[in-house]
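Participant: Residue numbers (this note's numbering), protein chains in the order written: chain C, 1 to 436; chain H, 1 to 436.
For the record, the hints were derived by calculation from the structure and aren't laboratory data. All of these numbers come straight from a predicted model, not from anything done at the bench.
Where chains are identical, the list cannot tell them apart; a pair therefore holds if satisfied intra-copy or between any two copies.
In the SDA-like style, the derived pairs of lysine to any residue whose C-alpha atoms are separated by at most 20 angstroms in a straight line are:
no. : residue 1 : residue 2
1   : 6         : 67
2   : 256       : 155
3   : 6         : 70
4   : 123       : 322
5   : 256       : 28
6   : 219       : 28
7   : 256       : 25
8   : 6         : 322
9   : 219       : 32
10  : 435       : 406
11  : 427       : 381
12  : 435       : 280
13  : 51        : 62
14  : 123       : 36
15  : 219       : 29
16  : 123       : 31
17  : 219       : 31
18  : 123       : 32
19  : 183       : 238
20  : 219       : 119
21  : 256       : 27
22  : 256       : 32
Protein chains: 2
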Amino acid sequence: MAAPLKLGLAGLGTVGASVVRLLAEQRALLTQRCGRPIEVVAVTARSRNKKRDVNLRKMRWLRDPMALAIDPEIDVFVELIGGEGDPASTAVEVALRAGKSVVTANKALIAKRGVELAAIAEKQGVSLNFEAAVAGAIPIVKALREGLSGNSVARVYGILNGTCNYILTRMEEAGLPFADALKEAQALGYAEADPTFDVEGYDTAQKLAILASLTFGTKASVASVYVEGISSIAPADLAAAEELGYRVKLLGVAVKTETGIEQRVHPTMVPRSSAIAQVMGVTNAVTIDAHGIAPITLVGPGAGGLATASSVIADIADIARGARVAPFGRPVGQLTASKKAPMQRHEGGYYIRLDARDRPGTAATIATRLAEQQISLESIVQRHRDVAPAERKAGSVPVIMITYATSEDAVRKALAAVRADRVISGKPQVVRIEKN
Amino acid sequence: MAAPLKLGLAGLGTVGASVVRLLAEQRALLTQRCGRPIEVVAVTARSRNKKRDVNLRKMRWLRDPMALAIDPEIDVFVELIGGEGDPASTAVEVALRAGKSVVTANKALIAKRGVELAAIAEKQGVSLNFEAAVAGAIPIVKALREGLSGNSVARVYGILNGTCNYILTRMEEAGLPFADALKEAQALGYAEADPTFDVEGYDTAQKLAILASLTFGTKASVASVYVEGISSIAPADLAAAEELGYRVKLLGVAVKTETGIEQRVHPTMVPRSSAIAQVMGVTNAVTIDAHGIAPITLVGPGAGGLATASSVIADIADIARGARVAPFGRPVGQLTASKKAPMQRHEGGYYIRLDARDRPGTAATIATRLAEQQISLESIVQRHRDVAPAERKAGSVPVIMITYATSEDAVRKALAAVRADRVISGKPQVVRIEKN
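Using the sequences plus the hints, can you model the full thing?
Facilitator: Take a look at the structure:
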């Protein structure tokens, strides 16, 4: 039997404690699977005295992550502190420079400094694994980095934030406005007191930047991701989606287009029959469209102590077995710069909802403005019935349109013209459609 | 740059030709990802003259798989001949004994001789990879062997045969009887002229034996799998399933019970809201229930040249990168013997459909017989309406029952008693329920 793999674990929150517990419970199985035992030999966390309900007796307690990162006894530095800044950031860098492999669940850090850290790992000949950074227990990093390594992937997209999916699910199921569904999510612990990071799409953007890098070899960069959250989605949009055969999901989408790799996060209408549309509540899912084959979709828990620990341990097990893969699937020198997607050049179908003035000529004006931009309509619904009293506005009638594929630029121009014509009240609602 | 990985490829059917084509198309990407080029240096197939539409000019043509298996130039023997017997079986063994790694898509061979071949691979220090043997392009072998290697998995189940899922989908969608849906599948090339192997569940059983081994460390053994096909399923069952909130799928299920690992293939009622219930047509899917976390489901194409080639190439890429994992996830010496599941001890809910004699006392008799076996009913539907004319039998009325969890033994005894009472005509229909 080979020597044990020795871990230093920084961070003993829900995930850290789950990792310690799962490693102990699964010790025999992991030893079988890896050919050697895996041992946590040292730990560190902000508070030593917090009650944690895990057995830390055989582990040395170090004063801070930096001391742990250079501890001569450890082979692997497991970073479960979180956050793009220090202490996590410097500790991971120091550990890599000291020749330790690193396993982390830190999406913010990998999205921000992943390429730079991967370069250090590569130079040192060590691993930098981050399966848990995206979609919790779903082995999506491994699937993209290894399982589909020979495919020409055209598009990868997913539901990467359980908070948003829970809110959209409840809005659809119970007809709740966004604010009420958010409150419910907060009461259940699915959303933070300040929900901005989740509901405005930034969390999804970090994960998407990582997926795009693994898939297309771009340098992970959140700055290259177009981001739009779900706070503007109204129950009326979910009801219209249902009627038209769609569901609204907050998707992160990375797709190869003629102009490059487009990375975007926004509320999206997906066909109700698609695998991704079936994903409800806090569950995450990722779909991969590879050339010439039907889509592959991975669905599972995106958060939670044990779900995240599951992926952390798989990453550790790979190191224990001696398997080392380039962090982003190819050498850092071959990763290409990411460019921000010019959304005005985005092409696709659009859902548009307008509050039209209820007077003669309105429909004709709207139709003319769309036609001027060469936009063809797949469907248009205008009606007085079926508007919930709370959403009814005096003198206005909702008009809902689904366009055939067009450019975002055309949609923006047409709607600007419609607004200038003063035939609608308020801001038009626009949701991009993603076909499967 | 390291030396190229040299492949010998046996079998140039749809899959073999797709592998050659995809390796050529993705050469640059694969070289990046693996740190070395991958080259097919020699091939063999039954007919040399068949038109294949792939460029074989730079490859040596060997006279038979055996010659290829011991060819001194090759590092990896890629077996795409298929079938549990020769030439595939001996050629794979000979290649392993000659110190070559082997990549195969051959489920029949792995299900039959996998353990024995894994022992040779282990002794020789080479890889035996078979991602493509189960669920086509879905990276399920990798997910179970590596991605979830630290989890305590309680159950793995899936739709592993596209033919059956297509037939059940069409029976449900179009109300077709089994025979008509089968004919349609045959016309579309989804089912063989002799469909027995697929529709009676044997194909699923081979794949399940492999999944069970990867998950629970049992020795892959088809003989340990209880097998029941879909040919007895009637449109009436699919209609009743719909009404009761279920769908009927042919599942392969491996589950840890108090008496050991139960491996079974049979038509199954799954809750309509489950991820697996959404999988329609020829698509495959596998769900993994690990301790303490929500289920993980992988969905994708289960067959086809490119889908299978995708997994074959991922296996090859792992070898090119130098990653070697025990074929069944742990050393052969630690795999445990499989036992045939004693189905009479299976516990779960049951769907039962009877053609009851339409006369006083029938319902009471049936209820009494079930009660004698301590079977509680979740629901019972008996009615004269809603029976399609073609399925109506003079003097009989369908009775549909869903039981709470009970043992198969109890169900069999109760139904034997009901038959002996002569209150039903024909054979009772029984479908097991799998809860998510």
